[in-house]
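Residue numbers (my numbering), protein chains in the order written: chain A, 456 to 740; chain B, 456 to 740.
The set of hints was computed from the structure by calculation and includes no laboratory data. Incorrect hints may appear among the rest.
The list makes no distinction among identical chains, and a pair is therefore deemed to hold if it is satisfied within one copy or across any two copies.
Below, in silico cross-link-like pairs of lysine-lysine (BS3-like), each with a Cα-Cα straight-line distance of 25 Å or less [to be verified]: (1) K544 to K574; (2) K589 to K574; (3) K458 to K544; (4) K458 to K574; (5) K574 to K473; (6) K473 to K458; (7) K458 to K708; (8) K589 to K544; (9) K708 to K589.
2 protein chains.
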Amino acid sequence: MDKLIINAAITGMVPTRKDSPHVPISVEEIVADVRRCRNAGASIVHLHARDESGEPTYRLDVYQQILRGVRDVSPDIILCVSTSGRVFKSFEERSEALDCTGPAPEMASLTLGSMNFPKTESVNSPSMIRSLAKAMYERRIVPEWECFEIGMVDYARYLVDHDLLEPPFYCNILLGSLGTLSATVFNLDAAVRALPPDVTWAAAGIGRFQFRVNSWAIMMGGHVRVGLEDNLWFDDDRTVPASNARLIDRVVKVAGGAGREIASPDEAREMIGLPARARVGTPAS
Amino acid sequence: MDKLIINAAITGMVPTRKDSPHVPISVEEIVADVRRCRNAGASIVHLHARDESGEPTYRLDVYQQILRGVRDVSPDIILCVSTSGRVFKSFEERSEALDCTGPAPEMASLTLGSMNFPKTESVNSPSMIRSLAKAMYERRIVPEWECFEIGMVDYARYLVDHDLLEPPFYCNILLGSLGTLSATVFNLDAAVRALPPDVTWAAAGIGRFQFRVNSWAIMMGGHVRVGLEDNLWFDDDRTVPASNARLIDRVVKVAGGAGREIASPDEAREMIGLPARARVGTPAS
Numbered sequence: 456m457d458k459l460i461i462n463a464a465i466t467g468m469v470p471t472r473k474d475s476p477h478v479p480i481s482v483e484e485i486v487a488d489v490r491r492c493r494n495a496g497a498s499i500v501h502l503h504a505r506d507e508s509g510e511p512t513y514r515l516d517v518y519q520q521i522l523r524g525v526r527d528v529s530p531d532i533i534l535c536v537s538t539s540g541r542v543f544k545s546f547e548e549r550s551e552a553l554d555c556t557g558p559a560p561e562m563a564s565l566t567l568g569s570m571n572f573p574k575t576e577s578v579n580s581p582s583m584i585r586s587l588a589k590a591m592y593e594r595r596i597v598p599e600w601e602c603f604e605i606g607m608v609d610y611a612r613y614l615v616d617h618d619l620l621e622p623p624f625y626c627n628i629l630l631g632s633l634g635t636l637s638a639t640v641f642n643l644d645a646a647v648r649a650l651p652p653d654v655t656w657a658a659a660g661i662g663r664f665q666f667r668v669n670s671w672a673i674m675m676g677g678h679v680r681v682g683l684e685d686n687l688w689f690d691d692d693r694t695v696p697a698s699n700a701r702l703i704d705r706v707v708k709v710a711g712g713a714g715r716e717i718a719s720p721d722e723a724r725e726m727i728g729l730p731a732r733a734r735v736g737t738p739a740s
Numbered sequence: 456m457d458k459l460i461i462n463a464a465i466t467g468m469v470p471t472r473k474d475s476p477h478v479p480i481s482v483e484e485i486v487a488d489v490r491r492c493r494n495a496g497a498s499i500v501h502l503h504a505r506d507e508s509g510e511p512t513y514r515l516d517v518y519q520q521i522l523r524g525v526r527d528v529s530p531d532i533i534l535c536v537s538t539s540g541r542v543f544k545s546f547e548e549r550s551e552a553l554d555c556t557g558p559a560p561e562m563a564s565l566t567l568g569s570m571n572f573p574k575t576e577s578v579n580s581p582s583m584i585r586s587l588a589k590a591m592y593e594r595r596i597v598p599e600w601e602c603f604e605i606g607m608v609d610y611a612r613y614l615v616d617h618d619l620l621e622p623p624f625y626c627n628i629l630l631g632s633l634g635t636l637s638a639t640v641f642n643l644d645a646a647v648r649a650l651p652p653d654v655t656w657a658a659a660g661i662g663r664f665q666f667r668v669n670s671w672a673i674m675m676g677g678h679v680r681v682g683l684e685d686n687l688w689f690d691d692d693r694t695v696p697a698s699n700a701r702l703i704d705r706v707v708k709v710a711g712g713a714g715r716e717i718a719s720p721d722e723a724r725e726m727i728g729l730p731a732r733a734r735v736g737t738p739a740s
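Next comes chain A alone, as it looks inside the complex:
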């Protein structure tokens, strides 16, 4: 099987220091944690920004600090930013991080439908999806599709068929978030079969489903998204707080058992079809 691409979702919009001693919140914490994740085997880092008080922010200046800091400690990891609508609703807010230039993000999240999280809705209207995709393509940023339902995968196929999504294609399939598709092998297999051709896919499990969904994906030839954004605990009984690097370590061990090597960031770029690093630009600092 192909080498395994590990996408580290290290912070997210929700976890606070109270929820986890290990979730990186400040720019410095995020940068330090990315270094650990890269050493552990991550080739993509999925970044959310927080402001000085630890609250989610869409601000370009914070994202730019994070991207620059990460590039300083890791010259090669693939930089992916969030366009989440979980807190910020307007196109202008959600797309602001796409304007970072020193360095620019190489990928950005694009959730392919509206849905519910356990306690709130997540609205990604058809026009928002198209506007965000257009903004990404104008900046040569590759969308990181996020699909929480098979119908979102079906919608990806529609967008591809109508040239509203352009290659290369990378898709995270997220299972086990209450309100959307549950975490079963059947559902993962069904979602993967629904994908259009030539998509590099990764699977994520929310909460206690993270490790099993990652393991299924590894055995199925897919890739993984892993990290504290989706899961704060190392064990099902929630006694051992997880860290991003330790979660990645566990995935690497499973991959080793399955005979899959870990892709470097440059190998991941080639597998996904991202521009090679020379094209991406170097740190501005």
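Given chain A's structure and the hints, the job is docking chain B onto it.
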């Protein structure tokens, strides 16, 4: 197999007279069309109200006129009202029709998640779902679940397991609406398998998928939702405008070919587990 329960979705929020010569808009048109649908074989009527200008309305007085008129021409058809959030967003608006009393609705729609329609989002937050369900149970109204994704069916199972949905259970599975689960036999089968126990389920196809999805459901032992709310055309080439009664006729023919008799409204009440008609009350007019 069981007798077939036909749920007639006759108007919806979207079609106008310009879209279809046959869509019933005014109270009088709706009442007259329900009589035709009942004669054709419908045992449930899924009602949306329009105001004097033909625009969707949530107003109790309009719903009450419709329910009274329908009960006058059809003493037995099962009365189901919409709580759609497609146009009206607040709980007060969406739940207003539940307060009809002369006669009261026996069922009301409850969409079990947020999603996208082709051009806009449809937001049904977890708290809205719970509030609408509570309002229904307080009035002894049975929710008509609407599921456009397998994850919505998974969420129904969660709500049942946590006693937030109470028996009897009736579920419409809607396939082929762009932005949500596509219309395939695999997807219908997967959605049905995901249902909790003891659910009476019906399937609907949106647009050109209506007839095939209805046919699959008939052959699988499920029931159907059919009508102009979901599909305006009788043929795939969109040359013959459909009418509700003619769409029902076609479903009845397929059922006949499959050896399934058509359930009367009272038989449908018993199959679903709705209160018998004596309990429901009689027309106030």
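Going down the list of hints, with the structure as the test:
no.	hint	result
1	K544 to K574	both (17 Å within a copy, 17 Å between copies)
2	K589 to K574	between (30 Å within a copy, 17 Å between copies)
3	K458 to K544	neither (37 Å within a copy, 47 Å between copies)
4	K458 to K574	neither (37 Å within a copy, 39 Å between copies)
5	K574 to K473	within (19 Å within a copy, 40 Å between copies)
6	K473 to K458	neither (36 Å within a copy, 56 Å between copies)
7	K458 to K708	within (13 Å within a copy, 55 Å between copies)
8	K589 to K544	within (17 Å within a copy, 29 Å between copies)
9	K708 to K589	neither (38 Å within a copy, 48 Å between copies)
Of the numbered hints listed earlier, those contradicted by the structure are 3, 4, 6, 9.
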